Amino acid sequence: MPIHPYIPNSEPETKREMLREIGVRNVEELFAVIPERVQFKKSLNLPEPVSENQLRKRVEAILSKNKTSSEILSFLGAGCWPHYVPAACDEINSRSEFLTAYTGDVYSDLGRFQALFEFQSMIGELVGLDAVTFPTYDWATAAGDAVRMAAIVTRRCEVLVPRTISSDRLSVIRGFCEPLSKINYDRNSGQLDLEDMRKKLSSDTAAIYVENPTYLGFIETQLEEIGEIAHKNGSLLIVGVEPLSLGVLTPPGEIGADIVCGEGQPLGLHMSFGGALSGFLACRDEVRFLEATGHRLITLTKTQREDEMGFAYVLPERSMFSSREKSASITGTGTALWAITAATYLALLGPKGIQELAEVIMQKAHYAMRRMAKLKGVRVPLFASTHFEEFTVNFDGMGKTVREVNKALLKRGIQGGKDISKEFPELGNTALYCVTEVHSMEDIDSLIEALVEIASQ
Amino acid sequence: MNDSARYHAALWNEPLIYQLGRTGRRGLTVPKAEKKIRSNVGDVLSHIPSQIRRKEPPKLPEISEPEVIRHYIRLSQETYGVDSGISLGVGTCTMKYSPKVNESLVKSNKLTDAHPLQDESTVQGILEIMFRLGEFLCEISGMDEFSLQPRAGAHAVLTNARIIKAYHKSKGESEQRNEIITTVLSHPCNGAAPAVAGFKVITLYPDEETGVPDVEALKAVVSQHTAGLMFTFPYDTGVFDPNIDTYFKIIHEAGGLVAIDQANANGVLARLRVGDVGADLCQFNLHKTFSTPHASSGPGSAPIGVKKHLVKFLPVPTVEFDGKKYSLNYDHPQSIGKVASFYGVIPNVVRAYAWILSMGAKGLEETSEVAIINNNYLIKKLLKIRGVTLPWVKSHPRRLQEARFSLEKMKHDTGIGIDEVNCRIVDYGIQKCFTSHEPWIIPEPFTPEPTESTPKEDIDKFVEVFKRISDEAYLNPEILKNAPHNCSIAKIDSTPSRDPKQWALTWRAYLKKHQTGEEE
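If you're matching them up, the sequences are chains A and B in order.
Read left to right, the first sequence gives residues 12 to 468 (this note's numbering).
Read left to right, the second sequence gives residues 11 to 530 (this note's numbering).
What the hints contain is simulated information worked out from the structure, not anything from laboratory work.
Please read all numbers here as calculations on a predicted model, not as lab measurements.
You may find that some hints are simply not true.
For the chain A half of the interface with chain B, some residues (derived, Cβ under 8 Å), not all of them [what the hints assert, rightly or not]:
no., residue
1, E59
2, I163
3, S213
4, I240
5, H242
6, F300
7, L311
8, S338
9, L357
10, K422
11, S432
12, F435
13, Q468
Below, computed lysine to aspartate or glutamate pairings styled on DMTMM-like, alpha-carbon distance capped at 20 Å [stated by the list, open to error]:
no., chain 1, residue 1, chain 2, residue 2
14, B, K390, A, E28
15, B, K511, B, D481
16, B, K419, B, E226
17, B, K511, A, E47
18, B, K372, A, E32
19, A, K210, A, D179
20, A, K68, B, E113
21, B, K390, A, E47
22, B, K471, A, D101
23, A, K422, A, E460
24, B, K491, B, D481
25, B, K419, B, E185
26, B, K391, B, D481
27, B, K404, B, E185
28, B, K322, B, D341
29, B, K210, B, E185
30, B, K110, A, E235
31, B, K259, A, E236
32, B, K391, B, E375
33, B, K404, A, E22
34, B, K42, A, E370
35, B, K501, B, E488
36, A, K76, B, D332
37, A, K52, A, E28
38, B, K391, B, D509
39, A, K385, A, E464
40, B, K501, A, E317
For each residue, glycine too, the CB sits at the ideal point set by N, CA and C.
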């Protein structure tokens, strides 16, 4: 083995010196703790190692097979949304101290604690709740944690979810909590069918989980009423949110939500093939709620020096680190670097910025909807409700499947919306489109032109 | 030593971002929608029914970009990463170096701008890397197929618990097989995750003499209720458990499955493949063994590997290759479904793939070789320090990637234990030591892990500082009781940790509870 640049002690003299100090002749004497019968004695069948410049060439060559924003105009959202990422966000999350720290205490990692407390604080403001946990993997798993919390707080087991939920998110939540029942939606407005909800509520219902905006893009307006019905039944209200919409939508915590979860990716994180998600979780600042979450919680505190802030973990014995199988949930490595990024993003954006951004997103999405609605054979949106950045587009009138439309769009350098025909068979050939601040009017217009062409074929 | 004694961490006394800036300032301009769009759509906000329309803007900081940057740069300077200095005390975490070239690769807009639902023909590059990493991990572990979907170690263990459940369900035995056996020296997720998946958890303790669970103890708890055995291998104690294949046999004969948590795989890399030994499921933590950065505590990434008989239960989609094209396959009717959105922490998938390319088979051999040399060298030197002992040293003098020591003697002699030592070691510019998950079956534990990235000089320096702290404990314990002295902050008041009236998890909660009249 040549001396490896990542392994300082691969230099043979260093190794010999260390083996001498240990008192063995060679490393095999150390590996002798592994019985012969279970040792792997062959050489792993892997490519020959490459140097840094070869590595860069090789990986870049593979990645270059991807077609991304400069070559493709995309209208995909559905859980991972295209938003502008300020350079400052990339700068902060590339800081090697944040990038390579892990679990140090507040004395070595004060900055990490403070940045995460600031993240908790800003999410608390967005959602209108006083307690926010360490960030977890993504919206779906945060929703899973939320339903488990609700089950513990209420000592009940069942959860009601809207039929408009994405099948992927539903699948993830099922891994955390069973049984689940789905609440129907009004076919005209998409709004939750409260009659159906009342029918499905029982003394076993731990929580009603709703989303705003919904997976299908429209705004659910009945949150307050849903919360009242839930609470009258001794159940909790959990709301899943897309955070930028909270620039213009009421904080769920102010209208009855007991737990709020959502996706942090829109807050300064690149899409990275769905690989840079971050779930946030907020709840009422009550002992019974905090005891029901296994995630770390950072509180502000003082230090022995005058006028100096410190940070500490709240009720540390709750987590699996202390109570193993008695803990309510799994925790551990979450998405702290993305939370630090989200804090940076929200600080840059500020109270005005987030309102303006939410408005611009709506203006562009509404422009796209209005223009598409005029196309022959296209119905946009399927629901008579206000939409945020995503909306349903139905191609039944065109006599084409979403797959066919998307194929034809792709030939024109456009990636159409997500095909949800299988997820929602009752909606026919329907796609979920997403338009945000990153789309220019020309982008939207070129989508319209392409659809006109495709419709006429 | 003089260098260490003069260390002082950055001390900015940096205010909260809420206390910075000024009303009206901003850090980002939002470009307006085109005029034509605005006139076309009119007042879109008026479409939001009033009961759901936000009345007051969220109380976010009002601050300019230079102030935001300075603030978070200062906070980063008050954070201690692997790149900052000696983190070898943080065992079980495998704090190895994260190569910079891999950071630059994941910044490519060919990756950052890719949407997960794009047409497969437009994302062949990233699918290829995912597929190939899966193949590499199969080769390294001896398993048959991997899923990259789990986000971190505990998530992988939960996913494996769910697969074990699905397997027994497919045999009509899920009601009967409702017990998972684990060991107390396994990482706590091996207890918590099966419990979340609905299993009863049985925990085995190590034998006092040998430091590993007794085979008879395992036999005593195995029954027709056994769904599987889930444990961390190798252990944080660095003790090689010589019974491993016997356990596997006992579990298999009882009709259970074996899932190995390989968070500590660095100690056996290229030396033992759990798949060859008979494990049915396993996981790797890419943020440990495969060098992806720990990212202040995530995102990590923990792919799971399974043997052929369990492939059909893996999360969907799987990545496949027909010789020409890479694709995502959702057609697995017996799959446990999804465990998180989309396909995994893709930037870490790329980093780990690049790391393996830069190592090759020989590099992986060198990794475990140097890791084990570093660790045994550290053991030799640490055991010369007063107050430091190594449980089971007689039966297991040699350890793999790490070892769990005890300061019980020091505590007995001086009243100083690991918590005080950890508050002091940071005064010398060295990251604190990992103690142990609870329960502390080893009293006053600490668990260093000098991975292959640690130069000998760093190990020597760590030992020198530890020796100095031991001297302080025996001669001048007061300095330890009030530590730290050279950090970004002084000793914290931890009473709010347990007092609902005092704790404040957000700035808004702090203002409500403490009403200090601070400016907003």
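Verification of the hints:
no. : hint               : in the structure
1   : E59                : holds, 5 Å
2   : I163               : violated, 12 Å
3   : S213               : violated, 21 Å
4   : I240               : violated, 15 Å
5   : H242               : violated, 17 Å
6   : F300               : violated, 11 Å
7   : L311               : holds, 5 Å
8   : S338               : holds, 5 Å
9   : L357               : holds, 5 Å
10  : K422               : violated, 11 Å
11  : S432               : violated, 14 Å
12  : F435               : violated, 16 Å
13  : Q468               : violated, 19 Å
14  : B/K390 with A/E28  : holds, 13 Å
15  : B/K511 with B/D481 : violated, 41 Å
16  : B/K419 with B/E226 : violated, 32 Å
17  : B/K511 with A/E47  : violated, 59 Å
18  : B/K372 with A/E32  : violated, 25 Å
19  : A/K210 with A/D179 : violated, 26 Å
20  : A/K68 with B/E113  : holds, 14 Å
21  : B/K390 with A/E47  : violated, 25 Å
22  : B/K471 with A/D101 : violated, 34 Å
23  : A/K422 with A/E460 : holds, 13 Å
24  : B/K491 with B/D481 : holds, 14 Å
25  : B/K419 with B/E185 : violated, 48 Å
26  : B/K391 with B/D481 : holds, 15 Å
27  : B/K404 with B/E185 : violated, 44 Å
28  : B/K322 with B/D341 : holds, 10 Å
29  : B/K210 with B/E185 : holds, 12 Å
30  : B/K110 with A/E235 : violated, 50 Å
31  : B/K259 with A/E236 : violated, 57 Å
32  : B/K391 with B/E375 : violated, 25 Å
33  : B/K404 with A/E22  : violated, 31 Å
34  : B/K42 with A/E370  : holds, 9 Å
35  : B/K501 with B/E488 : holds, 14 Å
36  : A/K76 with B/D332  : holds, 17 Å
37  : A/K52 with A/E28   : violated, 26 Å
38  : B/K391 with B/D509 : violated, 43 Å
39  : A/K385 with A/E464 : holds, 14 Å
40  : B/K501 with A/E317 : holds, 11 Å
Checked against the numbered hints given earlier, the structure breaks hints 2, 3, 4, 5, 6, 10, 11, 12, 13, 15, 16, 17, 18, 19, 21, 22, 25, 27, 30, 31, 32, 33, 37 and 38 and satisfies all the rest.
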